[in-house]
Amino acid sequence: MTKDQLFAFAQHITPQKLLSRSVGKIAECENTWVKNTFISQFVKKYQVDMSEAVNSDALSYRNFNDFFTRAIRPELRPICPEENGIACPADGAISQLGKIEHGTLFQAKGHHYSLTSLLGGDASLSNQFLGGSFATVYLSPKDYHRVHMPLTGKLTKMIHIPGKLFSVNKVTAEQIPNVFARNERTVCLFETEAGPMAVILVGAMIVASIETVWAGQVTPFNKNVVTWDYDQLNNIEIKKGEEMGLFKLGSTAIVLFGKDAIHWEDSLQAETPTQMGMHFGKIADK
1 MTKDQLFAFA QHITPQKLLS RSVGKIAECE NTWVKNTFIS QFVKKYQVDM
51 SEAVNSDALS YRNFNDFFTR AIRPELRPIC PEENGIACPA DGAISQLGKI
101 EHGTLFQAKG HHYSLTSLLG GDASLSNQFL GGSFATVYLS PKDYHRVHMP
151 LTGKLTKMIH IPGKLFSVNK VTAEQIPNVF ARNERTVCLF ETEAGPMAVI
201 LVGAMIVASI ETVWAGQVTP FNKNVVTWDY DQLNNIEIKK GEEMGLFKLG
251 STAIVLFGKD AIHWEDSLQA ETPTQMGMHF GKIADK
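Numbered by this note's numbering, the letters in the sequence shown go through residues 1 to 286 in order.
It is worth saying that the hints were derived from the structure and are not from the lab.
A few of these clues could be false.
Here are the simulated PhoX-like cross-link-like pairs (lysine-lysine), alpha carbons at most 20 Å apart as the crow flies [stated by the list, open to error]:
| hint | residue 1 | residue 2 |
| --- | --- | --- |
| 1 | K99 | K282 |
| 2 | K154 | K282 |
| 3 | K259 | K223 |
| 4 | K223 | K154 |
| 5 | K154 | K45 |
| 6 | K157 | K44 |
| 7 | K282 | K239 |
| 8 | K44 | K99 |
| 9 | K45 | K157 |
| 10 | K157 | K239 |
| 11 | K157 | K99 |
| 12 | K99 | K223 |
| 13 | K154 | K99 |
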């Protein structure tokens with residue numbers, strides 16, 4: 001068994017939920033010694049650039065979660081100004097991007113996963129994105145962990161899908177089939193000038209929670225898929241580049257568009273580093 005296979009196997013036998021809940025409690029701890037120890041070790045291990053943060057004093061944060069979800073200085077992440085430009089949703093790196101072919105998305109060499117499964121099993125919903133485009137952005141531990149809007153959109157639906165909490169790094173993506181469609185995730189659906197757009201926040205090992213700006217922490221107690229519908233009475237519109245959600249202890253964001261709706265930036269490919277707000281693509285000519 002190779003090192004990568006051993007890493008994947010260990011995730012199968014790890015009590016993922018218990019571990020994540022336990023780490024989540026530590027991450028919320030406000031004891032000065034506990035939170036300062038965790039923060040200082042984390043900054044050192046992952047070489048976190050605190051000069052980019054609005055509050056650059058790592059040890060002044062109330063707890064580890066506040067440090068981890070720190071706001072970034074907005075002038076350091078300008079939003080692509082082109083009227084038809086699509087903004088990158090997050091700091092990190094491209095995991096994969098391309099076309100949604102035959103109802104599947106490319107995960108890693110030898111692995112594809114179902115669009116319908118990713119969206120919680122709703123075929124009528126997945127039909128909006130058949131033949132469309134997807135981009136998967138992996139947020140590493142050192143990255144800024146807030147997710148922003150690729151385009152201005154009106155919220156139409158949010159779906160929380162329970163699942164596993166496998167790691168979502170490159171090694172896991174190459175070793176564990178269907179990882180993004182197996183992990184816990186929150187699907188956020190918007191109507192934009194490019195048509196329907198989905199921004200999917202995928203949980204992972206040690207992720208304490210997923211939050212959205214309109215609903216706060218998304219943690220349904222039930223083990224089934226939970227759907228919230230939004231209409232004109234709610235009228236939740238978020239502008240391109242504005243924050244729409246965040247991860248406490250990081251993961252992956254997946255963006256979906258419909259068929260012939262957009263074109264990704266030609267220079268983007270697997271492992272390309274990303275910064276929130278950078279030019280990510282453009283709306284297709286009408």
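Each hint, compared with the structure:
A C-alpha spacing of about 15 Å is found between K99 and K282, which places the hinted pair at or below 20 Å, so the restraint holds. Note on K154 and K282: the hinted pairing holds, with a Cα-Cα distance of about 19 Å set against a maximum of 20 Å. This hinted pair does not check out: K259 and K223 have alpha carbons roughly 32 Å apart, beyond 20 Å. Distance restraint check for K223 and K154: the Cα-Cα separation of roughly 28 Å exceeds the 20 Å cut-off, and the hinted pair is therefore not satisfied.
Taking the CA atoms of K154 and K45, the gap is near 39 Å; set against the 20 Å cutoff, the hint is violated. A hinted pair counts as satisfied when its Cα atoms are at most 20 Å apart, and K157 with K44 does not qualify at roughly 40 Å. Of the supplied pair hints, the one linking K282 and K239 holds, its CA atoms being roughly 16 Å apart against a limit of 20 Å. The suggested pairing of K44 with K99 is violated, with an alpha-carbon distance near 38 Å, which exceeds 20 Å.
Taken as a hint, the K45 and K157 pair is broken in the structure, with Cα atoms around 38 Å apart against an allowance of 20 Å. For the proposed pair K157 and K239, the alpha carbon gap of about 17 Å is at most 20 Å, so the pair holds. In summary, the hint linking K157 to K99 is not supported, as the alpha carbons are separated by about 23 Å, beyond the 20 Å threshold. A C-alpha spacing of about 31 Å is found between K99 and K223, which places the hinted pair above 20 Å, so the restraint is violated.
With a CA separation close to 24 Å, the supplied pair K154 and K99 exceeds the 20 Å bound.
Of the hints listed earlier, those the structure fails to meet are numbers 3, 4, 5, 6, 8, 9, 11, 12, 13, in rising order.
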